[in-house]
Each structure stands twice: as C-alpha cells, then as structure tokens.
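Go ahead and model the full structure; you've got the sequences and the hints to work with.
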Amino acid sequence: MNGWHYIGKVEDIPLQGARIVAVGELGNIAVFRSHSEQIYALADRCPHRQGPLSSGIVHGDKVTCPLHGWTIDLASGEALGADHGCTRPFAVRSDENGLYLQLSSNDG
Amino acid sequence: MTTSPPKHLLVVGNGMAGIRTVEELLALAPNSFHITIFGAEPYGSYNRILLSPLLAGEKNKADIITHPLEWYATQGITLHVDNPILSIDRENKSVTDSRGQSHTYDTLLLATGSHPIIIPLPGQQLPGVVTFRDMKDVDTMLELAKEGKRAVVIGGGLLGLEAAMGLLKQGMQVTVVHLLDILMERQLDAAAAALLKSALEERGMQFYMPAQTAAILGESQVSGVRFQDGSELPADLVVMAVGVRANIDLGKAAGLHCERGIVVDDQMQTSDPHILAVGECAQHRGMVYGLVAPLFEQGKTIARRLAGATDHSGYTGSTLSTRLKVTGIDLFSAGDFLGDAACDTILYQDPSRRIYKKLVIKNNIVQGVVLLGDTVDGSWYMELLREQKEITPFRQQILFGRHHLGDAGHGATKVADLPATHQVCGCNGVCKGTIEEAIIKKELTTLEEVRAHTKASASCGSCTGLVEEILAHTLGGDYIPAQSKSLCRCTPLTSDQVRLAVRDQQLTSVVQAMQQLAWSSPDGCPSCRQALNYYITVFYPATIQENPADRFVNERLHANIQRDGSYSVVPRLWGGTTTPAQLRAIAEIAERFSVPEIKLTGGQRITLLGVKKEQLPAIWAALGEQELVSGHAYGKAVRTVKTCVGSRWCRFGVQDSEQMGVLLEKQLWNSWTAHKYKLAVSGCPRNCAEATIKDFGVVAVEAGWELHVGGNGGIKVRVTDLLCRVESMEEVLQYSAAFLQLYRREALYLERTAPWVERVGIRWLQQQLVEQPDYRQQLCAEFIQAHQCLDDPWSTRAQGKLGTQDFLPLTSIPFRSLENVA
Ligand SMILES: Cc1cc2nc3c(=O)[nH]c(=O)nc-3n(C[C@H](O)[C@H](O)[C@H](O)COP(=O)(O)OP(=O)(O)OC[C@H]3O[C@@H](n4cnc5c(N)ncnc54)[C@H](O)[C@@H]3O)c2cc1C
Ligand code: SF4
Chain A
0 MNGWHYIGKV EDIPLQGARI VAVGELGNIA VFRSHSEQIY ALADRCPHRQ
50 GPLSSGIVHG DKVTCPLHGW TIDLASGEAL GADHGCTRPF AVRSDENGLY
100 LQLSSNDG
Chain B
0 MTTSPPKHLL VVGNGMAGIR TVEELLALAP NSFHITIFGA EPYGSYNRIL
50 LSPLLAGEKN KADIITHPLE WYATQGITLH VDNPILSIDR ENKSVTDSRG
100 QSHTYDTLLL ATGSHPIIIP LPGQQLPGVV TFRDMKDVDT MLELAKEGKR
150 AVVIGGGLLG LEAAMGLLKQ GMQVTVVHLL DILMERQLDA AAAALLKSAL
200 EERGMQFYMP AQTAAILGES QVSGVRFQDG SELPADLVVM AVGVRANIDL
250 GKAAGLHCER GIVVDDQMQT SDPHILAVGE CAQHRGMVYG LVAPLFEQGK
300 TIARRLAGAT DHSGYTGSTL STRLKVTGID LFSAGDFLGD AACDTILYQD
350 PSRRIYKKLV IKNNIVQGVV LLGDTVDGSW YMELLREQKE ITPFRQQILF
400 GRHHLGDAGH GATKVADLPA THQVCGCNGV CKGTIEEAII KKELTTLEEV
450 RAHTKASASC GSCTGLVEEI LAHTLGGDYI PAQSKSLCRC TPLTSDQVRL
500 AVRDQQLTSV VQAMQQLAWS SPDGCPSCRQ ALNYYITVFY PATIQENPAD
550 RFVNERLHAN IQRDGSYSVV PRLWGGTTTP AQLRAIAEIA ERFSVPEIKL
600 TGGQRITLLG VKKEQLPAIW AALGEQELVS GHAYGKAVRT VKTCVGSRWC
650 RFGVQDSEQM GVLLEKQLWN SWTAHKYKLA VSGCPRNCAE ATIKDFGVVA
700 VEAGWELHVG GNGGIKVRVT DLLCRVESME EVLQYSAAFL QLYRREALYL
750 ERTAPWVERV GIRWLQQQLV EQPDYRQQLC AEFIQAHQCL DDPWSTRAQG
800 KLGTQDFLPL TSIPFRSLEN VA
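Just so you know, the protein sequences line up as chains A and B, in that order.
The first sequence begins at 0 in numbering that gives the first Met the number 0 and counts up by one.
The second sequence begins at 0 in numbering that gives the first Met the number 0 and counts up by one.
Read the hints as simulated data drawn from the structure, not as lab findings.
Built from N, CA and C at the ideal position, the CB exists for glycine as well.
Since no wrong hints were added, every one of them can be taken at face value.
Every beta carbon over 12 Å from chain A, so not counted as near; a handful from chain B, in silico:
(1) Gln227
(2) Gly289
(3) Glu296
(4) Ile328
(5) Glu730
Below, simulated EDC-like cross-link-like pairs (lysine to aspartate or glutamate); rule was C-alpha separation at most 20 Å, straight line:
(6) B:Lys484 x B:Glu467
(7) B:Lys60 x A:Asp82
(8) B:Lys251 x B:Glu90
(9) B:Lys665 x B:Glu729
(10) A:Lys61 x B:Glu442
(11) B:Lys715 x B:Asp62
(12) B:Lys440 x A:Glu77
(13) B:Lys361 x B:Asp335
(14) B:Lys135 x B:Asp62
(15) B:Lys598 x B:Glu587
(16) B:Lys484 x B:Glu745
(17) B:Lys441 x A:Asp72
(18) B:Lys611 x B:Glu590
(19) A:Lys61 x A:Glu77
(20) A:Lys61 x A:Asp72
(21) B:Lys440 x A:Asp82
(22) B:Lys611 x B:Glu587
(23) B:Lys611 x A:Glu24
(24) B:Lys60 x B:Asp81
(25) B:Lys454 x A:Asp82
(26) B:Lys60 x B:Asp133
(27) B:Lys441 x A:Glu77
(28) B:Lys58 x A:Asp82
(29) B:Lys484 x B:Glu448
(30) B:Lys675 x B:Glu689
(31) B:Lys148 x B:Glu200
(32) A:Lys61 x B:Glu448
(33) B:Lys454 x B:Glu436
(34) B:Lys484 x B:Glu750
(35) B:Lys441 x A:Asp82
(36) B:Lys58 x B:Asp136
(37) B:Lys484 x B:Glu442
(38) B:Lys454 x B:Glu57
What follows is the structure, given as structure tokens:
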C-alpha cells in the first residue's frame, strides 16, 4: 500500500476550521482548512496537555488550542511564541476527487 | 594536554538554589559535568515563592513548576525525585540515598534549603497543625480549608501573613497570633506595622497580639490554641509560620564546619574542598539568608568555579529587600529601617490614603527604607542603598520618587544608564541585558510577553515598573503602554476604539471590520476575531452573518469543553426550578448516553459531565423533547438566575422571588454578553440566594425590590452597588433588561460587570438608568429586539439546521499501527 488514504472532500471541512479523521490505534488526526484554502493535518493532541486542536480557532496558518491557548504552527506542528513542544504533522494532498492523508509506511 | 572524561557533579536538593546553580553551569560550560540531582520532593523544581499565590488560588501547580521532569531528560541530567540523601562518606566521595544505594561524586553540591521551625509545644504533633514550606503543606492546608472554618496562624511575619491571606481567600476565618505587637517586626517599624494591620483587618483578617502560645489543644485532631495567659482560641487548622532554620543535617553529620548554616568561603566552598553549598543551607561571612536574591549570585559563583574560571573574586554578600505578596497591599522594606542616633529619618505619612514612606539616612546615604501603599520607587531606593549613593543633590525631593526628579539627572540612575549586568528581577535573577536581548531578538512588545520569555517580574511583581521602563526604552516609539493596550497584535487600535468603530462605521461583519480598520494579519487572531464578533452581535443583531470559526469552541459547539477534551451539558432550569418529568428525562438521557458524572452546579443547575463531542446533537434532541433548552453554561452569555423559595414557601419571604427569577431568566436568557453574566433573586434581605455577589442581584424588601449591580464571586470577590429600589415586578424586568443592554453596549469585550461598574461608577449608571426613564425604556426595547433575533441554539442544531456534521469525524481509517502518534 502506498500509504495515501482518501478522507473526503475539501468542502466537508469548514473554512478556518477542522474535522477529525479517526485512525484506529493512531488516535485522531485533525485536518485543517485555513483561510487561504491550505489543508494541513496534525495529530489532534496539543503538545501541552493533549487538548483537541481540531476544536481550536484557526487563524493564518496557525491554530490556538482550546484548553490553554497554546498556538501551534499548522505546517510543522511546532508550538509558537514562548511555548515549546511539537505535535506530529501528516502529509495531505488533493486531486479532483478530494483529499488524501498519508500515513507513513511505519504506521501501517 | 589530554581531555579527561567529564567529572560527576552530584547535587543534593532540587529546590531553587540547586537548580539555579545547575542552570548557570549549563549556560557557562555545557557538557563539562555529568550531573545528578537528588530531590526529597516528588516533583521537578518549582518556584517556592509562588506557594503563597498557590494557596490563595491565584495560581495552580502547573503555573509554579519551573522545571518539569522532561526538562531534566532533555538536559541529560539524572534526576532522582522523592529520594532524599541520608549520608555522605567524604573519604570515599560518595553519598547514600533513602533506598540504600550509594553514588560517588567528584564534586558535591549541598542545596538542602531550610527546615520550618516547629515550636515544641504540647499538641504540636496533632493532625491539623501544619507548616508553610512546600507544596505538600499547601495541599494539606487546602484540604483542611475545605471542611474547617477557623484557622489560627502562629507568626505575624511575611510567611504568616501570606498564609493567613491565602486561607482567608479559601473562605476560612483566620486569626493571626503574634508574639509582639508589631507585625513583620524584622521589616517594619511600629507605624507602618499598624497601618498594615488595619489594611489587613479591613480584608477580614483578625489578630491576637501580643500573645504567646502555650499549647495546641485537641484529642485526635487540632481543636484550638491556648495562650500563656490561659485564654483560648478555637481552630480547625493551625499554621506554624515562625521562621526557618538552615537544614545543615547532612553537612553536620559528615563533620563539615557548621554554625547556624554550613560555613562556606567566598567561593562557596565548605570545609571540604570537594563539597560546596548554596542557598539557605549555607552560611557566608556570618550571614544565613532566607530569601532568593542571594542564590543567583551564589549560583553564578559556583558555576564559574566549576567551569574553571580563575579571574573571579567570588561572592561577597547581598543586600536584601522584602515585599509582601498579598494582592492589593503594597509593602516594601529593605536595609536598616530603624536606624540609630546618628541617622536621620525622612517620613511621609498620609493615613487616609494609607500611604507611609520612610527612609533612614546616614551621612546622606540611604540605610533603610519602608514603603506601604505606594511602592513604585522601591527598586530605586534599593539601588541607592545597594550602591551607597550620595543623595545630597535630591535629598529634598527624594520621597516623591525618581520620576519627580525630572530629566536633569540629579545623580539618579535612569534605565538607560543601568549596566546590562544590573539585576532587575530579584526573584528570577534576570539582568537588564537579558531583557533587552529578548525584546529585540524575539520582537516583544508587551509586558506579558517579556514575562513569558524572560520570567522578569513574573513572581512577586516588584520590578514590574522597571521592566516596563526597559521595554519602553528599548522599543522607543513602538512601545504601547499597558493602559492603552491595543486589542491584539493585528491592530494598533484599543478594544474600545474597535468597539466605537463597529458602532459608528456600520461594520457588520468580522471580515469587513478587518478590511476597513486595516488589520495587519489576513484573518486576525483568536483575540480580535472573538472581540469583533461580539461587538457586531451587540450592535447589529438582526443582520450579522456569524462565522462559527470566529467563536471559541464552547460557543461554537454550545457546550463546555473540559480538561480531557470532553464536554459538559447543562440544560436550563428556569430560576433553578424543575419538574419530575424533566428530572426523569435528564436521568434517562444520562443513562442512555452513559454520562460519566452528574453534578449540581453553584448556579442551581444540573450538569452532565464527560459527554463526547459526537454525542452532543443526539443529547440535545433528547433534551429538547422535554422542552429543555440550552443553559449557556459555556459562553460569554447570560448564565443563570439563582433564586430562593421566597414568599411561596419560606416563612420569612416578603416577595415571590421564585417567580421573579423565572420571569427574569425567560426575559434575558440566550443573550451574548462581554463576559459571563449571572443573576440571583432573594425573597427577603436575609439574601439566601447570595444576590449581592452577582452581576445583577435582586433582593426583596417589604415595599418591593432592591436592584444591585456589579457583584462578583470569583477570585476577586466584589459586593454589588445598590442601583435603586423599585416597587413592581414589571419595573424589575425593565431595569434588568436596560442595565444588561447598557453593559452590552458600553463594556469592553471580556470586561465583567464588576470592573466595568467600578470604571464608570454607580453614579453614572444611576444617571443613565434611574434619572432618564426614556433612555431606560429605549435600552429595554433595544434589548428585546435583539433578543428576538435568536433561537435556542440546541434545538436549531438538533434539528440539523446548522452543520451538525462538524461534530462527527470526517471519516475513519481502520488501523493497526507499529508506533503511536507522537
Ligand atoms: C511560602 C513562601 C514564600 C516565600 N516568599 C519569598 C519571597 O517573596 N521572596 C523571597 O526572596 N523569598 C521567599 N521565600 C523564600 C525562598 O523560597 C527561599 O529563599 C528559597 O526557596 C531558598 O532556596 P533553597 O534552594 O536554598 O531552598 P529550597 O527551595 O527549600 O530547596 C531545598 C530543597 O532541598 C530538598 N532537600 C532537603 N534535604 C534534602 C536531602 N537530604 N536530599 C535531597 N533533597 C533534600 C528539599 O526538599 C527542598 O526541595 C518564600 C518561601 C516560602 C516557603
Ligand atoms: S432570602 Fe429570605 S425569603 Fe429567601 S429563603 Fe432566605 S429567608 Fe427565606
């Protein structure tokens, strides 16, 4: 298997918002759609206290965790500002049919 | 020269001094030592100073831990927590831990701090008698404060008063017992101590002094305290805060030279050249310190020595200042504040404003200072004292502060003239140069940011003024002072300017507002998006097209996110009343959806805790069938109207408070406000519904109703101001809607009614609402109109009118993995 999984259409994700993909034992992966129509995917767990990033406010290419307000870079998963920590990013691509999420060969 | 393998540094004590020394060493010479730390406490290092705000509920544990366990791992330090060292074998250069394991060292650093002093009184070992030194003590006090009512604090020094204030904040009745009739006698003279005492009494603290404790009473648990003169005080908790004594146990047993502390030289070396000591356990040039400031210098000295620097003259001692960390009371003291016959005293006293300033001066050099009520110049006086500066040129104006001297110089140091090595923050050991570097490199523009990045002024706060000056000086024209702080980084406008722009420029959407007001970011940030969205809902309720992405998750999903990412659901029970059918429905739903916990809230509601996001729409539909609507327990919105049973049932009741509450809640519910908004109605002046700590409180009297506004029962309790008295229920309804609408129009987003009422003043509110009936009616009508634009958010979503698919996963990928998501 090449590791790319079809997950749905771009329009299924609210603009400046996110939806989750439940990936069995891997847990939830949050797929974000930014203001400028970029799609990003991160493990749905803030590096601080595991807050659900998918429920945060998406602004620019960042998301702010709903639990304690850490701001995470959507592309790298790194905490921004004075905070330190990183959540795992995943690759996403799209074609005319919709969006695909890559789970690395290690994952499955 | 051959390179030898790194030597082994073993540190005993994971407190403030030990960890600080290790940090200095890592900064100066990383990888030069293998480092092992033993700590008797079960956590990473924490800021002991902040135990006082922890006890007062102003900070939580996570806030005060400075070095979480991961930090040690990333620095390659081996940490043993909860494992005290029991002995030192100097001959073999090894130590034995509490598990019987021995560990060798090349250099041993003792940083064992102090023991709290326990007065050997009968009953001193009873449960309920505690000291105030570590996190465990705070846990014990918080536990006892839950059940017990009365606390006695023995000791009227800094520690005792901070403990007493914390317990007072936890709702206990607190009496401070002190041996002398002067509080904090090591820092204050009699006049300042008397002023401090009355300020604390005003906050509810009681004093029993001078008094000498003779025994602690109780059988299996403490029940009181007896004094030398035979008198007694009842107590459920006794705090002994009578001072500390250096913890020299290990050093003494190992035969190191000890007096009151472990004696060290200027290089912080003990009588054994392989053993160093730092912090409160060390005695240097006859001094044993009990404050943090000396440890930074001491730690630096040790780090330089270990890193092999030879040009260093060592540690020569510290001048200390003290500040009381009690919110709302400013007190600063340093040096010799009593003076002798050769000293002059310069004094400024304004009893009604509770300001007291005293400088002790000898040969035109400051020897000591006491400041109460106005401490902004504390750090300046401290600097004059430490540097032994001649004050002759400005002696006449000295009590008016540094700013009064103007720009002429007069020998007073200005921020620009301070050397980069000048230590600005004594609590966290941060120098001017470090702050400037952080401001420039990390592009910091606000005090909060400087605090977050450098920790300067983040503990006791006494250097806040100086940090702000450094910020202003470093940024020059870019600096925006705190009073007129911009809403966020996306705009230079303040929250109030944004509010007025929305109102006056007909800005009816967030996107439009950002364009028109020249936002600097493409789609804002959480702060401004939520504020703009709120102002627009207030001024354009009928036309706003809300974007759910501009709302915090609670308001987007209409449920309250919990720490584990689950949600709580709180149906509205009008006025705190319910019916068997509703209770049955709630019980049935809780069972059907396996809700883990049901709890009664302080606002007389039932909350279902631990609900999963994807369950929300189904739960709402089920609640909706029983006509239960959203309780808005999650939002910046009208929350609850709490009521007592009033004249319907209570033998004292003079009006039907229950009916009044239900009517009020039906009129006001489902409205967005600048911050959460709570109401209560009591059926008589006994006020069982606690209406006088609510945003809008109604208290029944024989002739009608009293309307109270601007109360708050949170961290900072504020009692309401009386707005007016009215006769009928209709008037109560009209006033309540008008007041709410005025608050919605005028207050800043996230400003609660308590600070807002303080800001605008109760007189202004009375002029608007009581003295102008037309305006009152207009506000009331405006509110009712806005209210009609809203549907119950739950039923709208349960009926699928708004995207409920967002609550569900996009898809699932069945998956078995070899590794977990990081
Ligand atoms: C409530 C409170 C408020 C305070 N407020 C202020 C303030 O406003 N300003 C100020 O300057 N100072 C304040 N202080 C004092 C300040 O906290 C101390 O000066 C500082 O913590 C001293 O640091 P230290 O490392 O020497 O001791 P500590 O921080 O006490 O660290 C010593 C550590 O060593 C551990 N230990 C002891 N023996 C062993 C052993 N045998 N093996 C392993 N570990 C051991 C102890 O458990 C402890 O964790 C306050 C103190 C308290 C308790
Ligand atoms: S406030 Fe008055 S009416 Fe209400 S329960 Fe208390 S005593 Fe009764």
